[in-house]
Amino acid sequence: MRFIVPIKQVPETNAVRMDEETGTMVREGVESIINPLDLYAIEIAIRLREQHGGEVISISMGPANAEKAIREAIAMGCDSGVLITDKAFAGSDTWATSYVLAAAIRRIGDPGLIICGERATDGDTGQVGPGIASFLDLPLATYVGKVEHVDNDVCRVRRLIESGYEVLETDMPAVLTVVKEVADPRLPTLRGKQKARKVEVPAWGADDLDTDPNRLGLKGSPTRVVKIFRPQVTRQCRKVTAVDEESIGPAVDELVEFLRQRELI
Amino acid sequence: MSNKYNAVTDQIVERLVEIVGEKYVLYGDAEKLEPFSHDEVAESQYAHMPDCVVRPESTEQIAAIMSLANDERIPVTPRGAGSGLSGGAVPVHGGIVLLCDRMNRILEIDRENLTVTVQPGLVTNEINDALSQYGLFYAGYPMSLETCYVGGNVAENAGGGKAVKYGVTGRYVLGLELVTPTGEIVRLGGKLVKDVTGYNLLQLMVGSEGTLGVFTEITLKLMPLPKSSVDLLVLFRTAKEAISAVPTIMTAGGIIPTAIEFMDQSSVRASCEYLNESIPYQDAGAMLLITVDGAHEQQVEREYESIGELCLENGAIEVYVADNYTTSERIWKVRRNIAEAFKVVSPHQSLEDVVVPIAAIPDMVDGLGEISGRHEVQIPCYGHAGDGNLHATPVMNPAWTLDEWHEKLPRIMEDMYKLTHSLGGMISGEHGIGHKRKKYMNFVVPEASLEMMRAVKRALDPNNILNPGKIVDVNDAS
Ligand SMILES: Cc1cc2nc3c(=O)[nH]c(=O)nc-3n(C[C@H](O)[C@H](O)[C@H](O)COP(=O)(O)OP(=O)(O)OC[C@H]3O[C@@H](n4cnc5c(N)ncnc54)[C@H](O)[C@@H]3O)c2cc1C
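Protein chains in written order, with the working numbering: chain A, 1 to 265; chain B, 1 to 478.
What the hints contain is simulated information worked out from the structure, not anything from laboratory work. For each residue, glycine too, the CB sits at the ideal point set by N, CA and C. Incorrect hints may appear among the rest.
Stated by the list, open to error - When the alpha-carbon atoms are kept at most 25 angstroms apart in a straight line, the in silico DSS-like pairs for lysine-lysine are as follows:
hint: 1; chain 1: B; residue 1: 240; chain 2: B; residue 2: 191
hint: 2; chain 1: B; residue 1: 439; chain 2: B; residue 2: 4
hint: 3; chain 1: B; residue 1: 408; chain 2: B; residue 2: 343
hint: 4; chain 1: A; residue 1: 239; chain 2: B; residue 2: 32
hint: 5; chain 1: A; residue 1: 239; chain 2: B; residue 2: 23
hint: 6; chain 1: B; residue 1: 408; chain 2: B; residue 2: 418
hint: 7; chain 1: A; residue 1: 180; chain 2: B; residue 2: 333
Stated by the list, open to error - Pairwise CB distance ranges, derived in the manner of DEER restraints:
hint: 8; chain 1: B; residue 1: 223; chain 2: A; residue 2: 247; range: 52 to 60 angstroms
hint: 9; chain 1: A; residue 1: 247; chain 2: B; residue 2: 147; range: 34 to 42 angstroms
hint: 10; chain 1: A; residue 1: 255; chain 2: B; residue 2: 45; range: 40 to 48 angstroms
hint: 11; chain 1: B; residue 1: 399; chain 2: A; residue 2: 149; range: 42 to 50 angstroms
hint: 12; chain 1: A; residue 1: 90; chain 2: B; residue 2: 347; range: 37 to 45 angstroms
hint: 13; chain 1: B; residue 1: 325; chain 2: A; residue 2: 255; range: 45 to 53 angstroms
hint: 14; chain 1: B; residue 1: 317; chain 2: A; residue 2: 51; range: 18 to 26 angstroms
hint: 15; chain 1: A; residue 1: 229; chain 2: B; residue 2: 325; range: 25 to 33 angstroms
hint: 16; chain 1: B; residue 1: 317; chain 2: A; residue 2: 134; range: 42 to 50 angstroms
hint: 17; chain 1: B; residue 1: 399; chain 2: A; residue 2: 251; range: 35 to 43 angstroms
hint: 18; chain 1: B; residue 1: 256; chain 2: A; residue 2: 241; range: 55 to 63 angstroms
hint: 19; chain 1: A; residue 1: 247; chain 2: B; residue 2: 32; range: 17 to 25 angstroms
hint: 20; chain 1: B; residue 1: 369; chain 2: A; residue 2: 241; range: 54 to 62 angstroms
hint: 21; chain 1: B; residue 1: 223; chain 2: A; residue 2: 250; range: 35 to 43 angstroms
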């Protein structure tokens, strides 16, 4: 079976600083890693391949250096990877990203399971997995905590929902987005790293995919970021102090008056 | 013995207030003084209350305090952050605790001579925070770097996980300004890389545990900041296989890694279970955590690859590679949480710090296993394999009462220290002697050497007022 894992390269959160003026992230000099929640998708894909045979292909849309994320995924145990990169993709929102990733999956062909992380730690939307499913017109199960069964025809998963769990069965092929409890990601090994360094990672641009140029990148993105700001915590503090026997009385009076004025007592 | 010292009277407090100001003398409030009665040594029998705490802000103030204390025969115990693990900052004879926290400035970054000059109360971590913008770094720091002070590091000659490649604090101390026990201000060394002008008093001060002088200014040597760093987590079937890989890495590999940390089976298990970590540790009898750093990514890549290959040739089950912060944190967490993990077994532990020649580590681990069986006590063993420094930590058997533990621990320690000595080792590699390990000094140090130490102490501190009761007792003379 062919398992396809779309992954995203994100900045190392430990190193993230915010630009006070623009309210955006300073990406300069910040190391990039695989979105930590995608590691769970990679892990479950590798485990399913270990059980059922087949191959795991990781794909990532991003700048040229997102190739590093793909090589890391291969070092963990994916069989191969494809980088999807083009100036035309710059500025894509979740809609345009899902659109391109779906086109790439179509080009790879014959997917069994497409497994995504729950969401990316930088954008935090969780929309790309469902987006891919809708562009490919495939069944979708989100927040999957356990893959109970999979064969060529059906896939049964346990979803995490607010009040507990839900067991779903879907036709194959299908798209899953997975949560942490699905499987603990393994660490990349030395042998994996060595293999990953040698593997050829093809890079596909807009011309390599069957896409409509008007639906790509910023131009193809219906989402507009109007403003980015940091929510201000507006708590005003008034301190009432009592240091000795004498000041206790007045301090209590002051506090009572304060609360009374606000009709809190 | 403490009756030869005078108590801190109201008059003395007044004179201390004159020196540092009222705000900076803590006196008469047991609750406020309590935190200064102990350091990070957990056992309460090592604690002792001070009479007062003073917080000077200058060398001159410290000199005035020392000369007052010397004239009045009042013991003074210097204190940094109190993160020590041998009781060094505990005022065992009461008296004055001299807290360095207000002297916390970086005085100079000298980029031409590659030195930094700091005050003793600076939190060690802040040196590298300030230096990174210049592409420089200070390499001597211990693993407690986020809390401890530079003064405490120099006084303990602290060593960190990176000692294999970079050495310990002492290697970086080029100059010291200090106040002697009699109140003189003295400068030793400077910014010189080489200096054989007379006895090496500078290095005598390093590791003196606050017994020979109070450091007031410290000049440290700097290095270029390594740009790339990778960690390997290597699983072995046995401790012996893990340890024998260490010299091979350095000789056959021709590489000195930045860190080589060792964790025995019980440490790895406890920590992984505690963290819910799924690294396949079940088959591993021991693990090594190896760090390589350098100026170029490609060079670091070549080095970790050849270290990894050597480990696999020498029986490693698996080699994991962490080349980003997130993955590195995941594997260092296993190492850092060992002590915490054993607190689940019992909060009563004695964190030991034995050091043996690296080739003797497997025998040490075997011997500890034997002691552990004989005393029915768990002794997880982990630490800096690259330099032979092992934190073998007896953990109270939960079936015992506290009294039983206090009765048995000294016997366990004696056996551990005898074993260490028989393998050519010493009882402390980096945490120091303080008063916690003083009674064991004669297990490993010959009487003639102890007498030399006492002679030094007597010569520099004739009234024995500076941190008395630590390392050796001057009155134990033969
Ligand atoms: C979690 C943890 C991890 C640790 N890891 C390491 C490690 O990796 N390596 C290591 O070596 N240690 C380690 N330690 C032990 C401890 O952090 C070090 O010994 C450190 O150097 C102590 O610094 P401090 O400022 O806390 O000193 P304190 O504990 O306050 O004092 C230590 C000694 O220094 C003397 N002193 C303090 N300031 C001065 C001064 N200005 N002049 C003269 N003497 C002075 C005191 O009198 C005392 O004898 C660790 C401790 C903890 C709690």
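Output the numbers, in ascending order, of every earlier hint that fails for this structure. Violated: hints 1, 12, 17 and 21.
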